[in-house]
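One letter stands for each residue in the lines below.
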Amino acid sequence: MKRYSGFSLFKNALSYHENWQKIWRSPKPQTDYDVIVVGGGGHGLATAYYLAKVHGITNVAVIEKGYLGGGNTARNTTIIRSNYLWDEAAQLYDLSLKLWEGLSQELNYNVMFSQRGVLNLGHNLQDMRDIERRVNANRLNGIDGEVVTPERIKQIAPLINISRECRYPILGASWQPRGGTARHDAVAWGYARGADALGVDLIQETEVTGIRRKNGAVAGVETTQGFIGADKVACVTAGNSGVVAAMAGLRLPVESRPLQALVSEPVKPCLDTVVMSNAVHGYISQSNKGDLVIGAGVDGYNGYGQRGSFHVIEHTLQAICELFPAFSRVRMNRQWGGVVDTCPDACPIISKTSVDGLYFNCGWGTGGFKATPGSGYVFADTVANDHPHPLAAAFTIDRFNTGALIDEHGAAGVAH
Amino acid sequence: MLLIHCPHCGEGREEEEFSYSGEAHIVRPLAPQDLNDREWGDYLFFRKNPRGIHHEMWYHAVGCRRYFYATRDTLSYEILETYIVGEKPQVTSAGSGQ
Amino acid sequence: MSQINRLPTGACTDSSTIINFTFNGKQLQGVAGDTLASALLANGVNVVGRSFKYSRPRGIVGHGAEEPNAIMQIGSGAATVPNLKATQVELYEGLEAASVNGWPSVNFDLMSITGWFGRLMPPGFYYKTFMYPAKLWMTYEHFIRKAAGLGSAPVQEDPDSYDKLNQHCDLLVVGAGPAGLVAAREAARAGARVIIADEQSEFGGSLLASTQRIEGQAATAWVAELVAGLNAFSNVQTLPRSTVFGYYDHNFLGILERRTDHLGISAKLGVRQRLHRVRAKQVILATGAFERPLVFAHNDIPGVMQASSVSTYVNRYGVAPGNRLVLFTTNDNAYQTAIDWHRAGRTLVAVIDSRGAPEGELVTAAKKLGIDVMAGCGVIEAQGGKRVKRALVARLNHDGSQIVGAVQKLDCDLIACSGGWSPAIHLSSHTGAKPVWDEQIVGFKPGESTQQERSVGACGGTYALSACLAEAVLAGAEAAKLAGCGDGNAHFPVSEVEEYQEQPQQALFLVPHTKSTSRAPSQFVDMQLDVSASGIELAVREGFESVEHIKRYTAMGFGTDQGKLGNINGMAILANALGQSIPETGTTIFRPSYTPTTFGAIAGRDIGALFDPERYTPVHRWHEEQGAEFEDVGQWKRSWYFPRSGESMDDAVNRECLAVRNSLGILDASTLGKIDIQGPDAAEFVTRMYSNSYLKLAPGKCRYGVMLKEDGMIFDDGVCACLADNHYLMFTTTGGAAGVLAWLELWQQTEWPDLKVYFTSVTDHWSTATISGPNARKALAKVCDDIDLSSDGFQFMDWRDGTVAGVKARVFRISFTGELSYEVNVPAQYGRPIWEALMAAGEEFDITPYGTESMHVLRAEKGFIIVGQDTDGSMTPADMNMDWVVGKNKSFSFVGKRSLERSDSVRENRKQLVGLKTIEGAQVLTEGAQVVFDAQQKIPMSMQGHVTSSYFSSNLGHSIALAVVKGGHSRMGQVVYCPMADGRIIAAEIVDSVFYDAKGERQHV
Amino acid sequence: MSSKAENINSESPLKYFHKLSNHQRHSDSAEIFNGDVEFALVIKEAPICAHLNLRGDGADKSFTDGIAKVLGIALPTEPGTYQSCQQHSLFWLGPDEWLLVSQGNAAEIEVSLRQVLAGHIAIVDISGGQTMINLRGTDMAVQTVLKKSSVYDFAGWPGASGNAGRCAQTTFAKASAVVSNKSDGSFDLIIRRSFADYIARWLLDAGEEFGCRIEG
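Chains as they are written, first to last, in the numbering used here: chain A, 6 to 421; chain B, 1288 to 1385; chain C, 225 to 1229; chain D, 2 to 217.
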C-alpha cells in the first residue's frame, strides 16, 4: 500500500494525478476462506481489518451486496460519543472512541474525526436526574463528561435558545468534549483500503442468498456469484440482520425500522459542536462543508424502505427551530432514511450463535456509526477466538433469554 | 406517510392517527410457568421482522381506539389489507417461512 | 450602470415599471416581471459568485431551479435568507442581494485558486493529507471550516410565521406548463377535486418563453385563457409559487408555497410560506425537463449559458445576456435560440453543431435567416477571465469522441449550449421508482411506479408540444376516472399546434480537448462543487466503480442544485471511464427536497407556545395567581412549589412539608391518570394486569397496585378502587395515563377479547384536591356532612361518595404523604370552586398549598417510590422491596409474572431500593450520584448503585435519600460513598427506605 | 356545620381563557364581542352540558332499542355519523363506543339508560372532562382553519342535514377532537378539558389571518 501524505499529493499533482494507486483491488472470490464477513459496511470492514491486523487472519472475504459503506455507514449523522449509562455499553463505546482518536493515523486515511464535543440537553427535572446519573457513571468509568448549565451551553453553542420561557426550556446538559463527528464515507474507505492491503478480498455487488450448514456448523455462503466456502461466517448486516439470520434458520430479538436524517444547504460556520436533545427529539451538528446535519427519531413501524414518514421530519424541525430559532430560515437540502436494527434494550448483539462458526454483530439501533472501530475490534476478537471478547461478553443473544438486558433505552432514554 | 384503512371506521385515515404495535398473531403462552427461560425469552423478544409481507398490529389511537391488523410490505410500505381481530389474513407470503 | 442588455419588450416584463435593487451594495435597476437573474443580466453583471472549492468566478447559467452558480444572500438582519438562486428570486423594490462567496469581492477574490494550486486539490485530497501530526488536525480543520458554507444563516429569531394546510384531492398536478394545464382542465371538467401547483410565479412553464402559436394564439395568450378557465372551476385550487418538494408514501406530497417572499416585506403581511401536506388519490407529474449542458474546457467562465435560458431571457424577460453569441448544440431544438437571438438583433457568430449533417426544419429555418452553421464541430474550450472572450472550435469525428481538425478561434462573449434534455424525474424517483435509460431521448425516464401517478410531457420524455398536449389530455381524464370522477374520455383535445419536426440529436457528454482529460483545462460537470471530468476519471482510476462512490468521492450532485444540470453528464463520463453503458452504471437516487425547503415552513405553527400542548388542571389559574412555579410532567404543567415573597425554593419546600406534617396541606392531584373500568370480567382483567389481586376487593375499598410489562419490570403504579360490582376506577401515574390505557386495550382487544370489560379515560373529568395532614379530617368535616368521617366509619384505603361544599364528590382516603389524607374528587367544572372552598375550610388550620416538590419529599420520608424516578425500566417489585405487592399465588399468570422467575430476575446482587442517610446529616446527596463501596479505588471504579431521590427533610432535620444498591437489602448499616464531580466524597449509611413513621400510624388515625 | 350549598358555580374549561386571550392577543379589542362584525371566524364555547361515554354492542337490538327509547333518537351505527335532537346528540366513536352530549342531567340520563339496558354495557359520565367549541364563519375561514388543524378530510364530507351529519375523532393540532359538521355550515369540536387552553390558543393563531375572535 502506498502511503498517503502531503508529499504524495504533491508528487502525484506533478503527474496530473494519473498515477495514483487503486484504493483497493476488485478480486474475484476464491472458493473458500477462513472467515467470510457478510456485509461491507463500516462494521464489517473494521471486523475484517482487525481480523487481519490483530489476529493475523488474512484469508478473509468481505461480501457486500451493493457497494462498500453504502448502507447505514452512508446514511447516518456521524455523531461520535461514549457517554453511555451502563458500564457495559460505556466501556464498549469508549474503546471505540479511543480507537477513533488514532484512526486516521492507524489507517493512513483521514477520517476527519473532529472532537468538537457533544451536548445532550435536559429539559425537565427527570432529564436532569438522568444526566447527573449518566455523567457521574461516566466519570467513575474514566469517561470524560460534565453537567453544564444553560449559560455554559450558550457559550458552547451561541445560537441556542436558553430562554426559560420556552415550552420546554433547557435546564442543563451533559457535555462530553471528546465526542464529535467524523467523515462517514472515509471510515468505510479507510478500513477497506487497510483490509485490502492486508490481503482481505473485498467482493462488491455480490449478495449472500443463503448460509450453508453442515453437521450443525457453518460451511459457507450461497451468493449471487455461487457458493463460497468458509470455516466461519460473521454477519454484520445492519438493516438486514433479521433477513440474514433467517437464512440460517435463526430469529433475532431485532426489529428493523427507518431512521431519518436531513441536511440543510451549506451555510457559513455557526455551530461548532454537536447538540442532541432526546426530550424534544432532534440532534444537530454542522459539517465541514457547512451543512447543518440533523437527525430525527426512529419511525414508529418496521420498514426496510430507507424512507420514513414526513411527520417525523416535521417534528424534528420543530425541535430544531425551538432550540435554534435563527435556523428557521435555513432550508432543507436533502432528506433520507436508513434502516436500523433495534434491540429491545437499545444495545447491540455481538455474539456467537447456536450454529457453530456463525456469528452475529447487529442491533446497534441508532448508535452504530460511533461504535464502528470498537465493534469491529471486539467482533474480530470474538470470531478469531470463538469466544466473546471481554467487552462483548455482556452483549450475547442469550441475554434476551436470561433477562440480563442492558437497558440503555429504558434507563436513560439516551439513544443515538 | 402511510394512509391506513381502518376496518372499523371504514375509511382511509392518516398515519398520524395511529400507533404501531408490533408483530401480529403472537399468542401469549397459556401456561407461562411451564416454559423455560429460553422459550419465554423467545416469546418476549424474538420477532420475524421480515423484509416483505408482514402481519402487524395497529392502534387507531386518535380515532376509534380499536386495535386491528394490517398486512404490509415492509419494503414498498404498501398495505395489502387490514382486518379485524379474530380474522385471518388473506394475503400471506406462503412458503417463505416468514 | 444602465440596463445595457435590456431589449424593448419581454413577454412577462413591464419595462415601464422600474424596480430598484442592490447587488453587492451597488444600486441597480430592473423592471417589473424580472427575476434577480434577469435584472443582473440586463445590467451586464458578469460575475455573480465564486465557486465553492477553487473560488473561480462564475456567472448565471440557467433560468430556474437548475441554476448552480447564482447563489445569493437576500435581505439582511433577522429576515435575511441564505442561498437563494437568483433565477428564482422575483425582483422587488429595495431588494438587497449579495454574493455568498468571494473575498474581498466576487470580482477580485484573494481565495481564488487556479492553475497549479488547484491541482493540489483533486477529489478526496483531504482524505490523503492533514493527518500528521495527529494533534494538528483540529487546527487544520479550523482553517478548512473557514472556507465552509455558502450564505450565512441569520443570527436572530425569524420574524416571520409559517403554517400548513392538510389538503386532500382527487388529483394533484405538479407543474403548470402546457401538459399540466391541459391535464388539470380535463380532470376539473370531470368534477375531480384538483390541485395544480407550479414553482414559478406564473403558470405556463416553457410556454412563457415560447414564440410558438397554439390554436391560433400566441402561446402566452393561450396560457392566460387556459388559466382563467381553470380558476373558474370551484373544484380547482391553483397554487403558483408553489414547489412540490417531496413525494412520499401512499401519494402524500409536500408543497412549499411562497406567499410573501416576492413582496420583500413578509413580516407585515402574515404567513411567509405555507406548507401544503397533500394526500392525493392520483398524481400527474408534469415537471418538464432540464436542458443538458455541454462539458468542455473552462465551460464555467461567465458567459457560458444554457441555450434555453438565453431564449428565456430574450423572450420572457426582454434581456439579451450578451452581444456576440456562439451557439453550441447537439440537437435541432436549440436552433430556436439562434432564431430568437437573431430576432433580438444581436450578433450571432455561428451555430456549432456536433452532428455531421443537421437538416431538421428548425435548422433550415435558421439557415434561411442567414445564420452560419458549422456542422460536425464542437466548442472545445472557452477562453476569458471574468467573461467569455472567445470559443475554441474544432471539427469532431462522427461520435464526437475525438478532434479531427484544426482549432479555430471565434470571438464572442456568450456561448449558449444545448446537449439535449433530461426529464425532471426527481419526484418520480422519490417514490422509489427506478429511472430507466432511453436511448431515443438520451436520458433517464421515470421508472415504473408503485404509486398512483403518471408522468406526462417532457418529464416523461415526450418533447414535441403537440404530443405532450395529447398525452396530457388523456392522462387528466384517466386520472380523474381512477379517482372516481368522469368517464375517462378526453373532452378538450388541443389542435393546431405550430411546431417543427426535429431530427435525432447526438449524445455528447464530454467534448474532447486537444489534451487528455487529466491535462486539459478543467471541464466542469458540477459547477457548484467544482467537479470536473478529470475528477471523475481520477476517482475511477483510484478504484471507485459504483456511481454512489463516485458521487460521494467527488461530491458530484451534492450541491444545492442537486446536480440538476450535471448528473447525467457525470454518469455518462463515469460509464465511459468504466467501459460500461450508462444503464449498467446506473443512476443515483434523487431524494427530497426537489429544491431546498425552509425549516420554518416544515415546522409550521408548532413552535413557541404551540410547540407542544400545555395541559392545565381545572385549578391551574389559581396556582398561577398564587405565584406558583411549575414543573413540566409530560405535557402537564404541575405546580412545583408556592414561593412566598422573599422565599427561596428550599424555604418554600421546607415550609410546605412542615405544614403537612404539623397541620394541613393541599395538593392539586388532578393530573393523575384515571381509567373507568366496567364489565362482568373487570375484576379478572384488572387482576391479570396488576401484580396483586382484585378479585376480593369489595365496593368502597381501594388497593395499591403495581403494573409490570411482560418482561417483569415495573412500568406504572397507582391505586385501584372498586366502585361497584363489575366497576373499577384505576389511577395511573401522570405521565403514564395514555400508555396504560393503550396497554389495557391492547390486552383486552387482542389477547383476551373474551373478557367482557370496557375502559374509558376519566382523567379530565375529575379534579382532585388532596388535603393531607393531622387536621385533614377537621377541615373536611367543615364542608362535608354526609360522609361519616370517623376513623372507623371511613377507614384508610376506603372511598365514599358524598357532598363537599354542596357538590357531589367522591372522596378517597388514601395517602402519598403518610399523613391522614383525603383525596376529594369532583367533576372538573367544580374543581376550582371546591379547591377554594377547601382553602376556606382549612383557613383556621393554616392550610398550605404544596407542590410536587414537597410531595416528593414527603413521600420519600415514607419510602414511597415514584415510578420513572426510583425505577428505570429495569426494576422488579422485589428490587423495590415490594414483594408484598406480588400475588404469587394468583391462579392466572399475571402480566410479567413469568419474567420474575428468569435467572437474571432472581439473581443475587440485583440493585435494590434502600434508604441512604448521609453521615453529615446536613449534606444532601445529588440525585443521580453513583454509589461505591470503596472510595479509594482507582478509576474505573466499581459502581454499586445510584441515588434516585434525595432531599433535605425539614421534618427530620437531616437529609434523606433513596437509592438502588446492589444487594442493598442485605447491607443495612453499611457505609457507602458517593464520589462527586467536585472531588467531594460523601459518605452515607444504608438504612431502611422508610424514614418517618415506620409503622404507618399517622395515616391510620 | 352543614354542607353549605355555597355559591358554587361550575366553570367551563375556557372560562379564564376568554378574558386572557382577547386581552393578550388583541389588545385593541379587549372586550368580548357579541356581533360578527369584521370577523370571518368566530369561536364559541358551548355552555356546560352532559357528556356520557356509552359502550355496548351496536348489533344488539335490545341495546339500540333501549337507547332510542330513552333518548328518542336512533343510535348511529354507521361509522363516522351522528344523530341529534333538541336535547341530545349521539356521536359514533367506534364500533362499540358512542358519545352522548346532552342538555339533560348526566346522572339522571345514566340512571334511565341503565334501567333499560342489560348485559355488557358501560356508561361513564365524562361531563367535566370535555367541552364543545363551535367554529363558525365564512366557508373559506372555517375550512382553512380545519385544514390547518387536522389531517382529516372534512371538505370531503357531504353537508349535514337537519339533525344528522358526519363526525370524526381525529387529530387537532397536537391534541385530538371529535369534529362534527352542522347543518348551518359550522363545525363543532369536542375536546378534552386539559387541552382546551392549548386548542383555543391554536385556533386564535390559525384564524388570525381571517380576523378571529372568541365569543363569550
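In short, the hints are calculated from the structure, not lab data.
The model shown is predicted, which means the values in this text are computed figures rather than measured ones.
Beta carbons: idealized from backbone N, C-alpha and C, even for Gly.
Each hint should be verified, as a subset may be incorrect.
[To be verified] Chain A is nowhere near these chain B residues, computed Cβ spacing over 12 Å in every case:
{"no.": "1", "residue": "Glu1310"}
{"no.": "2", "residue": "Pro1316"}
{"no.": "3", "residue": "Arg1325"}
{"no.": "4", "residue": "Leu1331"}
{"no.": "5", "residue": "His1341"}
{"no.": "6", "residue": "Leu1362"}
{"no.": "7", "residue": "Ser1363"}
{"no.": "8", "residue": "Tyr1370"}
{"no.": "9", "residue": "Ile1371"}
[Unchecked claim] Restricting the straight-line Cα-Cα distance to at most 30 Å, the calculated cross-link-like pairs of lysine-lysine (DSSO-like) are:
{"no.": "10", "chain 1": "A", "residue 1": "Lys273", "chain 2": "C", "residue 2": "Lys359"}
{"no.": "11", "chain 1": "C", "residue 1": "Lys980", "chain 2": "D", "residue 2": "Lys62"}
{"no.": "12", "chain 1": "A", "residue 1": "Lys294", "chain 2": "C", "residue 2": "Lys980"}
{"no.": "13", "chain 1": "C", "residue 1": "Lys1032", "chain 2": "D", "residue 2": "Lys175"}
{"no.": "14", "chain 1": "A", "residue 1": "Lys273", "chain 2": "C", "residue 2": "Lys492"}
{"no.": "15", "chain 1": "C", "residue 1": "Lys370", "chain 2": "A", "residue 2": "Lys294"}
{"no.": "16", "chain 1": "C", "residue 1": "Lys980", "chain 2": "A", "residue 2": "Lys27"}
{"no.": "17", "chain 1": "C", "residue 1": "Lys925", "chain 2": "A", "residue 2": "Lys273"}
{"no.": "18", "chain 1": "B", "residue 1": "Lys1335", "chain 2": "C", "residue 2": "Lys610"}
{"no.": "19", "chain 1": "C", "residue 1": "Lys370", "chain 2": "A", "residue 2": "Lys159"}
{"no.": "20", "chain 1": "C", "residue 1": "Lys1032", "chain 2": "D", "residue 2": "Lys62"}
{"no.": "21", "chain 1": "D", "residue 1": "Lys45", "chain 2": "B", "residue 2": "Lys1375"}
{"no.": "22", "chain 1": "C", "residue 1": "Lys492", "chain 2": "D", "residue 2": "Lys175"}
{"no.": "23", "chain 1": "A", "residue 1": "Lys70", "chain 2": "C", "residue 2": "Lys352"}
{"no.": "24", "chain 1": "C", "residue 1": "Lys925", "chain 2": "C", "residue 2": "Lys1002"}
{"no.": "25", "chain 1": "B", "residue 1": "Lys1375", "chain 2": "A", "residue 2": "Lys357"}
{"no.": "26", "chain 1": "A", "residue 1": "Lys16", "chain 2": "C", "residue 2": "Lys370"}
{"no.": "27", "chain 1": "B", "residue 1": "Lys1335", "chain 2": "C", "residue 2": "Lys1002"}
{"no.": "28", "chain 1": "B", "residue 1": "Lys1375", "chain 2": "A", "residue 2": "Lys219"}
{"no.": "29", "chain 1": "D", "residue 1": "Lys45", "chain 2": "C", "residue 2": "Lys980"}
{"no.": "30", "chain 1": "A", "residue 1": "Lys103", "chain 2": "C", "residue 2": "Lys1223"}
{"no.": "31", "chain 1": "C", "residue 1": "Lys610", "chain 2": "A", "residue 2": "Lys273"}
{"no.": "32", "chain 1": "B", "residue 1": "Lys1335", "chain 2": "C", "residue 2": "Lys370"}
{"no.": "33", "chain 1": "A", "residue 1": "Lys103", "chain 2": "C", "residue 2": "Lys492"}
{"no.": "34", "chain 1": "A", "residue 1": "Lys27", "chain 2": "C", "residue 2": "Lys1002"}
{"no.": "35", "chain 1": "D", "residue 1": "Lys70", "chain 2": "C", "residue 2": "Lys492"}
A quick look at each hint next to the structure:
1. Distance check on B/Glu1310: its Cβ comes as close as 8 Å (rounded) to a Cβ of chain A, failing to clear the 12 Å threshold; non-interface status is violated.
2. For B/Pro1316, the requirement that its beta carbon stay farther than 12 Å from each beta carbon of chain A is met, with the minimum near 14 Å.
3. For B/Arg1325, the condition that its CB be more than 12 Å from all CB atoms of chain A is violated, with the nearest at approximately 5 Å.
4. Chain A draws B/Leu1331 into its interface by the beta-carbon criterion, the shortest separation being 7 Å against a cut-off of 12 Å.
5. Distance to chain A contradicts B/His1341 as a non-interface residue, since its nearest Cβ pair spans about 6 Å, not more than 12 Å.
6. For B/Leu1362, the shortest C-beta to C-beta distance to chain A comes to about 5 Å, within the 12 Å cut-off, and the non-interface label is violated.
7. Consistency note on B/Ser1363: stated as away from chain A, yet its beta-carbon is not over 12 Å from all of that chain's, at 7 Å minimum.
8. For B/Tyr1370, the condition that its CB be more than 12 Å from all CB atoms of chain A holds, with the nearest at approximately 17 Å.
9. Against the 12 Å criterion, B/Ile1371 stays outside the reach of chain A, whose nearest CB is about 19 Å from its own CB.
10. A threshold of 30 Å between alpha carbons decides the hint, and for A/Lys273 with C/Lys359 the separation of about 25 Å falls inside it, so the pair holds.
11. Pair hint C/Lys980 plus D/Lys62 holds up; C-alpha atoms about 18 Å apart against a cutoff of 30 Å.
12. The hinted pair formed by A/Lys294 and C/Lys980 fails the criterion: a straight-line CA distance of about 61 Å is larger than 30 Å.
13. At most 30 Å may separate the alpha-carbon atoms for a hinted pair to count; C/Lys1032 and D/Lys175 exceed this at roughly 33 Å.
14. A distance of roughly 28 Å separates the Cα atoms of A/Lys273 and C/Lys492; the hinted pair therefore holds under the 30 Å criterion.
15. For the suggested pair C/Lys370 and A/Lys294, the alpha carbons sit about 10 Å apart, so the restraint of at most 30 Å is met.
16. A threshold of 30 Å between alpha carbons decides the hint, and for C/Lys980 with A/Lys27 the separation of about 71 Å lies outside it, so the pair is violated.
17. About 66 Å separates the Cα atoms of C/Lys925 and A/Lys273, which puts this hinted pair outside 30 Å; it is violated.
18. Note on B/Lys1335 and C/Lys610: the hinted pairing is violated, with a Cα-Cα distance of about 62 Å set against a maximum of 30 Å.
19. Taken as a hint, the C/Lys370 and A/Lys159 pair is honoured in the structure, with Cα atoms around 21 Å apart against an allowance of 30 Å.
20. At roughly 34 Å between alpha-carbon atoms, C/Lys1032 and D/Lys62 are farther apart than 30 Å, so this suggested pair is violated.
21. With a C-alpha separation of about 47 Å, the suggested pairing of D/Lys45 with B/Lys1375 is violated against the 30 Å cut-off.
22. This hinted pair checks out: C/Lys492 and D/Lys175 have alpha carbons roughly 27 Å apart, not beyond 30 Å.
23. For the suggested pair A/Lys70 and C/Lys352, the alpha carbons sit about 27 Å apart, so the restraint of at most 30 Å is met.
24. Of the pairs offered as hints, the one joining C/Lys925 and C/Lys1002 holds, with about 22 Å between alpha carbons and a cut-off of 30 Å not exceeded.
25. For the proposed pair B/Lys1375 and A/Lys357, the alpha carbon gap of about 37 Å is over 30 Å, so the pair is violated.
26. A C-alpha spacing of about 27 Å is found between A/Lys16 and C/Lys370, which places the hinted pair at or below 30 Å, so the restraint holds.
27. For the hint linking B/Lys1335 to C/Lys1002, the alpha-carbon distance of about 61 Å lies beyond 30 Å, and the restraint is violated.
28. Distance restraint check for B/Lys1375 and A/Lys219: the Cα-Cα separation of roughly 37 Å exceeds the 30 Å cut-off, and the hinted pair is therefore not satisfied.
29. Using a Cα cut-off of 30 Å, the hinted pair D/Lys45 and C/Lys980 is violated, with the two alpha carbons roughly 39 Å apart.
30. For the given pair, A/Lys103 sits about 53 Å from C/Lys1223 by alpha-carbon distance, which is inconsistent with the 30 Å threshold.
31. A distance of roughly 25 Å separates the Cα atoms of C/Lys610 and A/Lys273; the hinted pair therefore holds under the 30 Å criterion.
32. Distance restraint check for B/Lys1335 and C/Lys370: the Cα-Cα separation of roughly 49 Å exceeds the 30 Å cut-off, and the hinted pair is therefore not satisfied.
33. A hinted pair counts as satisfied when its Cα atoms are at most 30 Å apart, and A/Lys103 with C/Lys492 does not qualify at roughly 53 Å.
34. Proximity of A/Lys27 to C/Lys1002 is assessed by CA-CA distance (about 89 Å); at most 30 Å being required, the pair is judged violated.
35. Annotation: proposed proximity of D/Lys70 to C/Lys492 is violated, straight-line Cα distance about 58 Å (limit 30 Å).
Checked against the numbered hints above, the structure breaks hints 1, 3, 4, 5, 6, 7, 12, 13, 16, 17, 18, 20, 21, 25, 27, 28, 29, 30, 32, 33, 34, 35 and satisfies the rest.
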